[in-house]
Each structure stands twice: as C-alpha cells, then as structure tokens.
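6 protein chains.
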Amino acid sequence: MTDSPLTSPAPSSRPSGRRANQLRDVRITRHYTKHAEGSVLVEFGDTKVICTASISERVPEFLRGRDQGWLTAEYGMLPRATNTRNDREAARGKQTGRTQEIQRLIGRALRSVFDLNKLGARTLHIDCDVIQADGGTRTASITGAFVAAHDAVTKLITAGKIAESPINEFVAAISVGVYNGQPVLDLDYDEDSQCDTDMNVVMTGAGGFVEVQGTAEGVPFTRAEMNALLDLAQSGIETLIAKQKVALELLSV
Amino acid sequence: MTDSPLTSPAPSSRPSGRRANQLRDVRITRHYTKHAEGSVLVEFGDTKVICTASISERVPEFLRGRDQGWLTAEYGMLPRATNTRNDREAARGKQTGRTQEIQRLIGRALRSVFDLNKLGARTLHIDCDVIQADGGTRTASITGAFVAAHDAVTKLITAGKIAESPINEFVAAISVGVYNGQPVLDLDYDEDSQCDTDMNVVMTGAGGFVEVQGTAEGVPFTRAEMNALLDLAQSGIETLIAKQKVALELLSV
Amino acid sequence: MTDSPLTSPAPSSRPSGRRANQLRDVRITRHYTKHAEGSVLVEFGDTKVICTASISERVPEFLRGRDQGWLTAEYGMLPRATNTRNDREAARGKQTGRTQEIQRLIGRALRSVFDLNKLGARTLHIDCDVIQADGGTRTASITGAFVAAHDAVTKLITAGKIAESPINEFVAAISVGVYNGQPVLDLDYDEDSQCDTDMNVVMTGAGGFVEVQGTAEGVPFTRAEMNALLDLAQSGIETLIAKQKVALELLSV
Amino acid sequence: MTDSPLTSPAPSSRPSGRRANQLRDVRITRHYTKHAEGSVLVEFGDTKVICTASISERVPEFLRGRDQGWLTAEYGMLPRATNTRNDREAARGKQTGRTQEIQRLIGRALRSVFDLNKLGARTLHIDCDVIQADGGTRTASITGAFVAAHDAVTKLITAGKIAESPINEFVAAISVGVYNGQPVLDLDYDEDSQCDTDMNVVMTGAGGFVEVQGTAEGVPFTRAEMNALLDLAQSGIETLIAKQKVALELLSV
Amino acid sequence: MTDSPLTSPAPSSRPSGRRANQLRDVRITRHYTKHAEGSVLVEFGDTKVICTASISERVPEFLRGRDQGWLTAEYGMLPRATNTRNDREAARGKQTGRTQEIQRLIGRALRSVFDLNKLGARTLHIDCDVIQADGGTRTASITGAFVAAHDAVTKLITAGKIAESPINEFVAAISVGVYNGQPVLDLDYDEDSQCDTDMNVVMTGAGGFVEVQGTAEGVPFTRAEMNALLDLAQSGIETLIAKQKVALELLSV
Amino acid sequence: MTDSPLTSPAPSSRPSGRRANQLRDVRITRHYTKHAEGSVLVEFGDTKVICTASISERVPEFLRGRDQGWLTAEYGMLPRATNTRNDREAARGKQTGRTQEIQRLIGRALRSVFDLNKLGARTLHIDCDVIQADGGTRTASITGAFVAAHDAVTKLITAGKIAESPINEFVAAISVGVYNGQPVLDLDYDEDSQCDTDMNVVMTGAGGFVEVQGTAEGVPFTRAEMNALLDLAQSGIETLIAKQKVALELLSV
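Protein chains in written order, with the UniProt record's numbering: chain H, 1 to 253; chain S, 1 to 253; chain W, 1 to 253; chain F, 1 to 253; chain X, 1 to 253; chain A, 1 to 253.
Honestly, I wouldn't trust all of these hints.
Note: identical chains are not told apart, hence a pair may lie in one copy or across any two.
[Said to hold, decoys possible] As a list, the in silico SDA-like pairs of lysine to any residue whose alpha-carbon atoms are at most 25 Å apart: (1) Lys155 x Arg122; (2) Lys118 x Ser193; (3) Lys155 x Gly17; (4) Lys161 x Gln234; (5) Lys94 x Asn227; (6) Lys155 x Thr33; (7) Lys245 x Tyr32; (8) Lys161 x Arg85; (9) Lys155 x Gln182; (10) Lys34 x Gly160; (11) Lys94 x Thr84; (12) Lys118 x Asp196; (13) Lys94 x Thr82.
I should point out that these hints are in silico values taken from the structure, not numbers from a laboratory.
Could you build all of it, start to finish, from the sequences and the hints given here?
This is the structure:
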C-alpha cells in the first residue's frame with residue numbers, strides 16, 4: 001500500500017482525490033534494462049524514470065592519483081515526456097539550467113550517503129531519464145537511482161572488486177507543497193503547476209536532512225507551513241525507503 | 001510467430017540460433033506513454049525503442065505561407081542503452097554524425113509515404129529514443145515510428161482537423177547482412193559487430209524500395225549477395241508490415 | 001553597526017572572530033557605475049558584487065502581446081575573483097551549472113516581490129558580477145540587486161513610464177550554516193569550504209520565506225539545526241533589509 | 001573520351017543532352033596545391049572538388065599503443081559553391097547533418113581499400129572541399145580523394161617510412177538515378193533536383209560493392225530499376241577507375 | 001610585369017630573390033566559379049584565394065526598415081592550404097580569433113569605398129577562401145574581393161536593380177615588413193615567419209589610408225622604419241590597383 | 001597633472017573641453033582585489049577596467065617540455081558597462097570577434113616586453129574586465145595590465161621563484177584620432193563614435209612602436225594626419241609610462 005503511516009484527519013480536495021499525506025502509487029522495478037550494472041524503472045504514479053548506474057574504471061581528472069572514487073549524475077527527459085513537446089537538448093546543443101540544477105541535486109544526494117574512499121578508483125555514473133513526466137521527476141530520480149546504485153555496488157562486491165560497501169545509508173526524496181492553502185505530499189503535475197510553494201526534500205534512512213529546497217511560487221511561505229511540509233516529507237520518505245528495501249529484498253512486504 | 005514466410009533450406013549458425021530468414025521476436029505496444037498523440041514501444045528482440053509522434057500547429061520557416069505540413073524526426077539513445085556507457089549527447093553539446101545520419105533516414109522514410117499537402121500547415125515530430133540497444137535500432141525506429149505517426153494522424157482525423165489521411169502507404173524497415181558468409185535477416189548486435197556487409201532496407205506496403213543502404217564492413221559484396229539480401233529484406237518487411245497492421249487493429253492475427 | 005539584534009550568548013570560534021549571529025560588514029553603494037538605470041556595489045565583508053538593473057523596452061517571446069513585463073537575472077564572476085583563477089565562461093563557451101543555478105535563484109527571488117503586470121511590457125535585466133569572492137556571493141547578489149532594481153523602478157516612475165511601483169515588498173538573502181557544530185550566520189569562504197551544512201535563505205520584508213536551500217555537505221542535518229539556522233537567517237535578513245532601506249534613503253541610520 | 005563502354009540503345013532526353021549511360025567530362029589534376037602530401041582537383045563536369053591527403057604522425061586516442069594507422073575524411077563546401085549562398089559552417093558553429101553523412105561515407109569508402117596495419121602508427125587525413133557544385137560532389141570527392149591518398153602513400157614509400165603499400169585496390173564512386181522514368185548515369189544538379197531516385201554507388205577496382213545508398217525522392221523504386229541503376233553504376237565506375245589509373249600514370253591513355 | 005614602379009637602389013637578400021620593392025607575380029582571374037555574382041581567383045605568388053561576392057535581397061536585423069544596404073565578409077582557409085594541416089574550423093565548431101580578425105578587416109576595407117545607401121536594401125556577402133597559403137592571404141583577399149564586388153555591382157546595374165554604382169573608389173591591400181633589417185614589400189611565408197615587423201596596409205585608389213596595422217614581432221619598430229614601410233606599401237598598392245583595373249578591362253595593359 | 005608635455009597651439013572643440021593633446025584623468029590603483037598576484041583598477045576618465053595578473057605553474061601544450069613561460073590575455077566587459085546593455089558573452093556561448101581581437105592585442109602588447117625564457121615554465125594570465133566603458137578600453141587595459149603583470153613578477157622574484165625579471169621594458173597604449181578634422185589624443189566615447197579615423201598605438205618605454213592600428217571610419221586618412229596622430233600618441237604614452245612608474249613607486253610624483 002502506498003499511504004504514509006500518518007493518519008490524515010480530513011478529506012483533501014486534491015485533483016487526484018488523494019489525502020494530503022498520501023503518496024502516489026510508487027513502483028520500483030529492478031533489472032529494467034539489460035546492459036547497466038544497475039537499472040531501475042521508478043514510477044511515482046504517472047511519472048516514470050529509467051535510472052541506471054554504470055561503473056567505469058576511471059576517475060575524473062581532479063581525482064587522478066588518489067585512491068578514491070567518484071559518483072556523478074546526469075538527467076534528461078525524452079522530448080515528449082511532457083504534455084507539450086520540449087526541444088531535444090542534444091539537438092539544441094545544450095542542457096537547460098533546469099536540467100543542470102536537477103542533475104547536480106541528484107549527484108549531491110547520492111554522494112551524501114557514499115563513502116567514496118571505499119569505492120576505489122572508479123566512477124559510478126548515474127543516468128536518470130524521464131520517459132513520462134507528471135510532477136516529481138527529480139525526487140523519483142533520486143529514489144530510483146539509489147536502488148540502481150545499490151545494485152551496481154552489489155555487483156562490485158560480488159565480483160570481488162571492493163571488499164566493503166561504500167553505501168553508508170539509504171537515501172530518498174519527495175516533494176511537498178502548499179496547494180490550495182493546504183500542505184500536501186508528493187505533488188503531481190496538476191498540483192505542481194498551481195501550488196504556492198514547492199519543496200523538495202532529500203533525507204537519509206536515519207532521518208537526517210540532505211537537501212531542503214523550498215520555493216515560493218506565489219505568496220511567500222511561513223515557518224508554520226514549512227514545519228508542516230517537513231513533517232509530511234519525513235513521513236513520505238520513511239515510506240519510500242521501506243519500498244526501496246522491499247525492492248532490494250532487504251525487507252519483506 | 002515471428003518467422004518470415006520464406007522456407008529456410010538449411011539450419012543457420014547464427015549466435016541466437018535463429019534461421020537465416022528469421023526475424024527476432026517483434027512486439028509493437030501502442031499508447032506506451034500518455035502525453036504524445038502517438039506513442040509506441042517497439043521491440044525487435046532486445047532492441048527497445050520508444051517512438052512518439054507529436055503534432056504542433058506550426059511549420060518550419062521554409063514552409064511559411066504555404067498550406068503544407070512537415071514531418072521531421074529526431075533520434076537518441078539513453079547513455080546506457082548499450083553495453084558500455086556512451087557520453088550523453090546533450091551534455092557533450094552535440095549530436096554525433098551517426099545520430100544525425102539515423103534521424104535523417106527516419107525522416108525521409110516516413111515522409112516517403114506522407115502526402116504533406118493533406119497534413120495541413122502543421123508539423124509531425126517523430127522522436128525515437130532507444131532505451132535498450134541490441135542491433136537494428138534504426139530499423140526498429142522506422143517500423144515503430146510509422147505506427148505512432150498513424151495514431152497521431154487518426155487523432156487529427158477524429159478531431160476533424162483534417163478530412164483525409166495524408167498516409168499513402170505503410171512503411172517499415174529491416175537490416176540484413178552477410179554473417180559468416182551467409183546472408184541473414186535482422187542482425188542483432190553480435191552479428192552486426194562482426195558481419196562483412198550490413199544493409200538497411202526501407203520498403204513500402206506495396207513493395208517499393210524507399211531506401212537501400214548497404215555497406216561492406218570487411219570484404220566488398222557481390223551482386224549475388226546483394227540480391228540475396230534484398231530477397232531476405234523483402235520477406236522480413238512483409239512480416240513487419242503485417243505486424244504493424246495487427247497492432248493498429250487493421251488486420252486480425 | 002553590523003550586528004544582528006539577537007544577543008549571542010557565548011563567544012564563537014569563527015575564523016573571523018565574529019559571533020555566531022554576526023553579519024560581516026555590509027556596505028551598499030548606489031550609483032556605482034554610470035550607464036545602468038540601477039547600479040549598486042554590494043559588499044558583504046570581502047565579497048564584492050556589482051549589481052546593475054537595466055531596462056529594455058521589450059519582453060521575451062513567451063510574453064509577446066500581453067501587457068506584462070519580465071525580470072531576468074544573469075550572474076558571473078571575474079576569472080580571478082577567487083583564490084585560484086577560474087576559466088572565463090565566455091571563453092569556454094558555456095556557463096557552468098553553478099552559474100545557471102545561481103542566476104535562476106536571483107531571478108526567482110526578485111520576481112517574488114514584483115507585480116510584473118505593473119511593470120508594463122518591458123524587461124528588467126539584473127546583472128550580478130562578482131569582482132571579489134569570499135563566500136556568500138549569491139546572497140550578496142540578491143541583496144544588492146534588489147536595491148539596483150528599486151532604483152531602476154524609481155527612474156521609470158519619475159519618467160512617467162509607469163504610474164505605480166511594481167515592487168510589493170523588500171527582499172534580501174543570507175547564508176547560514178553549521179560550522180564546527182555551531183549554527184552561524186553569513187558564512188565567509190573559510191567557513192563555507194569547511195562547514196557541514198550550508199543554507200541560503202531568501203526572505204521578504206514582511207518575513208515570508210521565498211527560498212530555503214539547505215545542503216548537507218558532510219553529515220546530514222537535523223530538524224533542530226534547521227530551526228536554529230532559520231532563526232539566524234531571519235535575524236540577519238531583518239538587518240539586511242534595514243540596510244537596504246538606509247541605502248535607499250527610506251530609513252535614516 | 002568520357003563515354004562509358006556500354007552502347008546506349010536510344011537517345012536520351014537529359015538536360016545536358018548526354019546519353020543515359022554517359023558520364024560528364026571527368027578530369028583529375030594531381031599536384032593541384034603545393035603543401036599536401038597528395039593534392040588533386042577532381043572535376044565531374046561543373047562539379048569541382050579539391051581533395052588533399054595529409055599525413056600526420058599520430059593516431060586517434062582509440063588506437064594508441066597499437067601499431068596501426070587510421071584514415072579519416074572531412075568534407076566542406078565553399079559558401080558560394082552552389083547556386084544560392086549557404087551559411088558558412090565554421091561561422092554557424094557546426095557542420096550540417098548532410099556534411100557529416102558525406103564525410104563519414106568518404107572515410108568508409110577509402111578505408112575499405114586500405115590495410116591500416118600497413119600504414120603504421122600514423123593518420124591519413126582526407127579533406128574534400130567543393131569549390132563549385134553541380135551534383136555528385138560526394139562521388140567526385142571519393143574518386144578524387146583516392147588519387148590524393150595514392151600520392152600520399154607513394155611519398156611514404158619513397159621516404160622509406162613504410163615498406164609496402166597499404167592500398168589493396170582502387171576505389172571510385174558514381175551517382176545514378178531515375179530521371180524522367182529513365183535510369184541515367186552521373187546526375188548533374190538539374191537531374192538530381194528533379195529525379196525520383198538517387199543512388200550513390202562505391203565500388204572497387206575488382207568490381208566489389210563497398211557502398212550502395214539509394215533513396216526514393218518521389219515514388220519508390222523497383223527491383224528492376226535498382227538492377228538497371230547498378231548496371232549503369234558498374235560501367236561508370238570502370239571508366240572512372242581507368243581515369244584514376246591514367247592520372248596516376250599507371251595506364252596510358 | 002609585376003615590379004612596382006619604384007627603382008630599387010640595391011640588390012636584396014630576400015629568400016625569393018625579389019628586390020625589396022618587388023611584388024610577387026600577381027594574377028586576378030575573374031569568373032572563376034560559375035554561381036556567384038562575382039567570382040575571382042586572386043594569386044599573389046603561391047598564395048591563392050577564391051573571392052566571391054554574393055547578392056542577397058535582405059539586410060541584417062539592425063538595418064531593417066531603412067533603405068540601405070550592407071556588405072559583410074567571411075574568410076576561411078582549407079585545412080591543408082598551409083604547410084601543416086590545420087583543424088577544420090567547421091569541425092571544431094568555431095572560428096579562430098585570427099579568422100575573425102581577418103574577416104572583420106576585409107569587411108571594413110570594402111565598406112570604406114562603398115556608399116551603402118546606393119546599394120539599396122540588399123547585402124553583398126564577400127567570401128574569401130584560401131586554397132593555398134604562402135603569406136599575405138588577407139591582403140590578397142581584399143585585393144581580389146574588390147574585383148569580385150565590382151563584378152557583382154555591375155550585375156546589379158545591368159539588371160536595372162540600382163541606378164548608380166555604390167563604389168566610390170578602388171581599394172587594395174598589401175603587406176610590408178622589416179626582414180633582416182630591411183623594409184620589404186609583399187612578404188611571402190618565409191619572410192613573414194621570420195620578420196621583425198609585419199604591417200598590413202589598405203589604401204584607396206586616391207591614395208588615402210583605410211587601414212594601417214603594424215605589429216612588432218621581435219624588436220619594436222621606429223618612426224623611420226614605419227615611414228619606409230608606408231612608402232613601399234603606397235607604391236605596391238598603386239601597382240595592385242592598376243592590375244585590378246586591367247582585370248576589370250577599365251585599363252589596357 | 002594629466003596634460004602631455006607638448007604645448008597645444010589652439011583651444012580645441014572637443015566635447016569634453018580637453019585640449020587636442022590632453023589625456024583624460026588617468027588613475028592606476030594597485031592591489032584592487034585581494035586574490036590575484038597583480039590586481040589593478042585603471043581609469044582613463046570614465047573608462048574603468050580591472051586588470052589582474054594570475055600566475056599558474058603550467059604552460060600550454062605547445063610549450064611542454066621547454067623551459068619557457070607564456071603570457072596570455074583575456075578581455076571582457078560587464079553587460080552594462082556600456083550605454084545600452086550588451087548580451088553576456090558567457091550566456092551567448094561565444095566571445096565576439098571584437099573581444100577576441102582586443103584580447104589578442106593585449107597579449108601581443110605585453111609579450112613584446114617580456115623575455116619568456118626568464119619567466120620559467122609558468123603562465124601569466126592577464127584578465128582585463130571593463131566595469132565601465134567610455135572609449136579607449138583596450139588602451140586602458142594594456143596600460144593597467146602592464147602594472148598588474150609587474151606586480152605579479154615582483155611576487156615571483158620575492159618568492160625566489162625566478163632570479164631575474166623577465167620584463168625588458170615598460171609598455172603602454174593610447175588611442176588617437178581625427179575628430180572634427182583635428183587630430184586629438186585619447187578619444188572618449190563621444191569622440192570615438194563620431195571620429196573619421198581611430199588609431200590605437202602601443203609603445204615601449206624606450207619609444208619603440210609595438211603596434212599601430214589605424215582605421216578610417218569615414219574618409220581615408222593622409223600621411224600628414226598619420227604623422228600628427230603618431231606625434232600625439234608618442235607624447236601621450238610618455239605620460240602614461242610616467243604614471244605607471246609613479247604607481248609602481250619607481251618614480252616619485
């Protein structure tokens with residue numbers, strides 16, 4: 001079931017009919033494509049992202065000569081992942097500022113739970129490609145990419161390339177926002193395009209904050225709203241991390 | 001069943017165990033993503049391509065003022081669609097020559113069966129994005145893109161935007177090649193990377209040739225080999241067009 | 001005086017010797033260069049940014065035909081604004097992801113206090129160019145750019161081009177972070193490069209939050225730390241807005 | 001004389017008055033510019049291309065450490081080589097898809113007759129620059145570039161840098177097409193811009209096919225047409241290879 | 001004859017054996033390619049440049065709505081025009097600083113003798129493409145481009161598109177330099193690569209200076225040297241303008 | 001005092017009221033920003049340029065393995081340094097031809113007085129960034145950059161990294177032009193935008209010419225005008241070099 005464990009006191013008026021604290025249907029499918037060391041299709045309702053983790057036995061220039069690894073992330077969207085077609089970034093010849101912002105966020109989020117010394121002198125490339133967008137693509141990407149990265153790490157351990165997992169903790173992400181004056185969890189596109197405040201939260205399995213990015217799209221938000229949003233996010237991320245563990249067969253349903 | 005109607009006289013030694021004239025398992029899934037006017041997942045064995053057809057109510061500069069439409073195609077590959085990760089074209093800031101060559105081919109192939117005057121002053125954007133590659137991505141793209149384009153055209157007709165279909169004929173594509181001295185149909189990656197000759201053939205439902213692109217990778221090929229390859233291609237494309245019709249519910253299985 | 005109004009209970013061990021809740025010396029110099037409609041040199045200690053506001057009597061494509069204005073921001077750094085020389089972005093041929101992220105933030109922050117309908121069909125271009133960097137360049141940029149934008153708006157009113165100010169509120173920004181386990185206000189470079197958590201906060205004169213962007217650089221942060229950081233930010237921004245008002249001669253010292 | 005050895009059964013109605021199987025006047029001028037190791041002006045009627053072959057004592061990254069050479073080709077057109085001026089690719093900042101397609105074709109065509117192991121660890125750079133275009137620039141380029149490459153190889157042998165020629169065979173190219181319903185050889189611009197089918201054929205001196213690229217511009221083509229086109233191409237290429245040999249003084253007129 | 005009319009008092013020690021005040025053999029061939037409105041091959045010894053003048057019935061954005069024309073110039077070099085192969089600018093994706101500097105110079109030089117009001121609302125595009133370089137490519141370009149532009153203007157007048165020539169004067173250019181301590185005219189590559197001072201001079205038929213660009217490559221130059229260089233340049237340009245007139249059949253030999 | 005030592009025979013009608021041979025108020029402020037090895041704010045009246053000299057312990061590819069240094073320069077302008085806002089080059093993705101021309105000039109000018117063998121295997125990066133433009137930005141840049149480079153060299157000597165200064169001479173630059181028929185020194189923007197001839201002159205402390213770049217914007221200029229302009233330039237540069245020496249405390253006021 002996809003509900004967060006919090007009880008929702010009153011029915012919400014969300015376009016989807018979800019309660020304020022209700023996640024969309026979340027599905028994590030491992031081994032989605034065959035070539036990558038880790039490959040996950042993550043779905044948050046109608047938002048669908050292919051997340052792969054690829055290992056390369058090289059490190060970027062700035063790490064040469066140090067026995068340390070690196071993790072980097074790239075993000076893309078198929079041109080018609082959205083309601084109207086966007087220009088293909090490869091054809092335009094550059095990534096938008098939004099794309100760069102998102103891929104930097106994904107990279108920081110995953111690095112926050114990695115001990116890169118334990119990865120050895122290799123790079124883990126995370127690719128998150130949105131094949132269908134309905135809000136929350138960056139949070140779905142982080143949540144799915146963690147699972148793909150976990151699978152890639154397991155391959156390294158199994159192959160005897162590293163002795164110990166460089167992963168310190170689980171990490172997942174969710175969006176929250178103020179929609180029609182009400183704090184709600186896991187915004188879909190209808191909500192996202194009309195909400196007053198949009199906040200993306202990245203948290204670890206131990207409940208620490210890795211990133212909080214809140215933006216007032218319309219009227220500024222208050223401390224009280226911020227607190228309500230963080231409560232929602234915390235409950236949502238607990239559910240997401242449980243789902244990651246079930247997908248990885250570290251937790252039974 | 002995926003066999004071509006030709007009888008294969010002798011067992012082949014193809015890596016996949018297929019007969020020389022045997023296609024891979026071909027699947028065409030319509031309505032694969034929800035936003036595009038036409039959206040198809042096409043699979044030729046392990047090669048998987050998302051093909052979307054998007055309608056925009058504009059035409060390129062060179063057609064302004066004429067009551068005529070346009071059809072254009074773009075092609076991409078997820079970085080880890082292949083065995084080793086390729087650089088993301090959007091991050092590198094340009095499309096490779098190979099990508100441009102393929103997207104030009106897809107565009108020409110589809111335009112060959114369109115009467116662009118009947119499309120009205122609008123553009124049909126075809127996007128073919130490979131999510132998993134195992135040889136034959138360009139031929140799978142053309143075959144799937146036709147179905148996506150067909151669905152988009154049906155939407156235009158249903159919406160009363162055009163009176164008559166601009167589609168004159170079906171079109172599909174297949175690769176053939178000389179592998180281990182033997183002409184074979186529908187090369188997978190293992191064959192493609194080792195074959196002497198690789199030929200991509202685009203044909204219409206009426207059996208006309210739209211494109212023939214043959215390249216000797218190793219030793220040059222002979223007229224006799226070329227004829228054998230064209231025979232194989234013709235039989236394969238007949239099967240593919242039948243599958244397109246089944247997918248479009250214009251033919252029952 | 002540059003202190004925040006909060007009392008600091010204990011001496012801090014900050015490299016600069018500042019108290020935990022103490023801003024650097026903040027100076028806002030208007031009319032810094034002669035051509036721009038608004039031109040400000042803003043200094044947060046050794047961080048120095050030239051902020052200009054330029055009016056153009058055009059709007060971007062997506063606003064054509066609507067009687068509404070736009071505000072956009074760009075950010076840059078002189079190559080040797082920092083301790084070691086960075087490549088010149090104009091020579092490299094593209095802006096880094098960091099640059100784009102910052103200029104998008106500056107634009108959103110200023111637009112949050114503008115009623116773009118009252119601006120008329122014109123664009124306010126904000127340019128923030130760092131001539132010396134010592135941490136906090138994005139928050140200094142927002143704080144200074146608001147003053148430059150205010151001057152440009154005054155020119156439009158004086159010239160009779162608009163009847164009413166499009167500015168709804170003041171806006172300013174400050175960074176806060178956890179340094180050596182202690183929440184501190186207005187990080188300089190020495191602190192920024194070593195802190196565990198770095199948070200940029202944008203607030204309005206009325207005390208609403210416009211942006212909160214917190215990142216755990218090392219260990220994740222807790223709700224308690226987040227609350228302490230937001231308290232510090234709130235006090236700092238009150239001081240900054242008072243300084244903006246003094247600079248604009250709307251408040252006497 | 002420029003006729004192909006085939007007898008032409010009936011007078012053609014080609015704009016140039018040529019018979020269906022008649023090449024344009026073909027001229028190959030060696031030592032056209034003074035710096036390159038091989039430098040040829042090739043003319044197919046009014047199509048004029050400068051082909052140079054330059055030797056560099058380096059190989060691309062992917063061949064480092066192997067004792068093997070490489071051959072690569074680039075293609076360009078002066079902006080006013082054509083009837084109306086085209087944008088200069090260097091000023092636009094990128095090569096068109098057409099340019100890339102052509103230069104990839106030239107490279108493959110020449111590599112097909114080279115034993116790159118015998119070239120040693122060096123690169124042969126082929127540059128084909130069209131100074132006047134009247135159809136068939138890519139086939140003229142391949143035909144001329146082979147002669148330039150041959151001269152460069154001779155220099156390497158004469159200088160004692162290689163013991164044995166890496167050239168296995170001659171190679172040349174010609175276009176054929178269906179014009180006004182009739183298969184014709186060596187399309188000029190008037191024919192090319194109006195023909196139904198356009199096919200470029202690359203063949204070796206021994207009569208093997210290296211590339212066959214046929215495109216239906218209007219109505220699809222049939223197997224019968226394809227066979228007629230290949231016959232024409234074969235006869236044309238025999239004539240071209242004889243002309244290459246005469247130019248290289250390996251055959252007397 | 002290619003000598004300048006000045007008498008040279010003493011034998012020079014130039015690598016070419018030329019006297020200090022002796023131009024290389026200069027040839028101007030009109031109608032060199034068939035498509036352009038003006039097309040000239042200009043040769044200064046072994047330096048060979050194709051100069052075309054193309055008319056387009058449009059003006060750049062900044063001249064829209066004014067009944068005035070524009071003249072613009074672009075410059076390029078074939079990759080193997082020089083002793084060692086240079087990267088192709090179209091493939092690298094940008095023009096070098098040197099290329100831009102030269103094409104700006106060519107444009108300014110030609111515009112200096114044009115009355116753009118008399119050209120009408122159209123653009124004259126000058127393209128100078130070096131097919132073989134041996135020093136002095138920019139001065140040969142200017143000298144040849146003037147003749148091509150003159151031919152294009154004549155076409156406009158003949159076609160009745162303009163009533164009066166927009167050309168006020170002739171213009172030509174030459175390089176001079178201090179080689180082995182001696183001021184010499186028209187540097188070839190051997191001299192150019194070793195000289196102390198290199199100066200390019202553009203002058204009109206009436207003897208006015210349009211551009212003087214002198215650079216000390218080694219030791220700075222003196223006023224006396226500068227005066228000697230300008231004397232040489234003046235004599236050389238007189239000769240070049242006579243050759244332009246002969247080529248244009250405005251002067252008999 | 002800012003006058004040149006020449007006596008000015010008659011009052012001029014310059015917009016600024018300056019005499020024909022009068023420089024603007026020139027100020028050279030060292031140690032302007034804190035990070036660079038040399039950092040100067042140079043002001044020629046309202047033209048203000050930040051010039052920094054940065055040392056890096058590397059040399060470009062073409063100098064690898066030789067014990068020789070390099071000096072390179074880059075130039076930029078803040079978007080609103082000028083009367084109307086210019087596009088930011090970093091956002092456009094390329095430097096204009098004008099920018100490249102200027103930075104190449106600055107580099108040549110400074111290299112002309114450097115013995116790069118004495119610099120050792122390191123690079124001196126000069127950055128000139130115009131924060132306010134009022135004509136003469138390139139000449140101010142050269143004049144200021146020399147002082148910044150001198151400071152950086154002094155740091156190298158003080159640090160014991162080099163034994164001897166690689167600087168052979170002082171170098172400075174000034175513009176001269178024909179305004180309203182009269183040769184004048186140090187053009188400001190009002191003059192520059194309307195003058196007939198604009199000439200930039202770079203000279204050494206010993207009075208040698210390093211660069212002379214004169215352009216007729218309107219009517220061509222004569223030898224007599226050229227001589228008058230060079231006289232003015234020479235007197236102006238003497239004054240500028242004296243100011244450089246005073247700024248460097250090598251000369252008392």
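Here's how the hints hold up against the structure:
1. Taking the shortest alpha-carbon separations for lysine 155 and arginine 122, only the intra-copy value of 14 Å comes in at or below 25 Å, while the best inter-copy value is 40 Å.
2. In the homo-oligomer, the alpha carbons of lysine 118 and serine 193 lie at most 25 Å apart only across protomers (23 Å), although the nearest pairing inside one protomer, at 42 Å, exceeds that limit.
3. For a Cα distance limit of 25 Å, the shortest separation of lysine 155 from glycine 17 qualifies neither inside one copy, at 41 Å, nor across copies, at 29 Å.
4. Proximity of lysine 161 to glutamine 234 under the C-alpha cut-off of 25 Å is found in neither arrangement, the shortest distances being 35 Å within a copy and 49 Å between copies.
5. In this assembly of identical chains, the alpha carbons of lysine 94 and asparagine 227 never lie at most 25 Å apart, being 38 Å within a copy and 39 Å across copies at closest.
6. Taking the shortest Cα distances, lysine 155 and threonine 33 sit within 25 Å of each other inside one copy (15 Å), while across copies they are farther apart (31 Å).
7. Within a single copy, lysine 245 and tyrosine 32 get their C-alpha atoms as close as 17 Å, which meets the 25 Å cut-off; across copies the closest is 28 Å, which misses it.
8. Taking CA atoms no more than 25 Å apart as the test, lysine 161 paired with arginine 85 passes between copies only; the shortest distance there is 19 Å, against 43 Å inside one copy.
9. Taking identical chains as interchangeable, the C-alpha atoms of lysine 155 and glutamine 182 are never at most 25 Å apart, the minima being 44 Å within one chain and 38 Å between chains.
10. Taking CA atoms no more than 25 Å apart as the test, lysine 34 paired with glycine 160 passes inside one copy only; the shortest distance there is 21 Å, against 43 Å between copies.
11. Proximity of lysine 94 to threonine 84 under the C-alpha cut-off of 25 Å is found in both arrangements, the shortest distances being 19 Å within a copy and 23 Å between copies.
12. When the C-alpha separation of lysine 118 and aspartate 196 is checked against a cutoff of 25 Å, the pair qualifies only between copies, where the shortest distance is 21 Å, while the shortest distance within a copy is 42 Å.
13. In this assembly of identical chains, lysine 94 and threonine 82 lie within 25 Å of each other by CA distance both inside one copy and across copies; the values are 19 Å within and 23 Å between.
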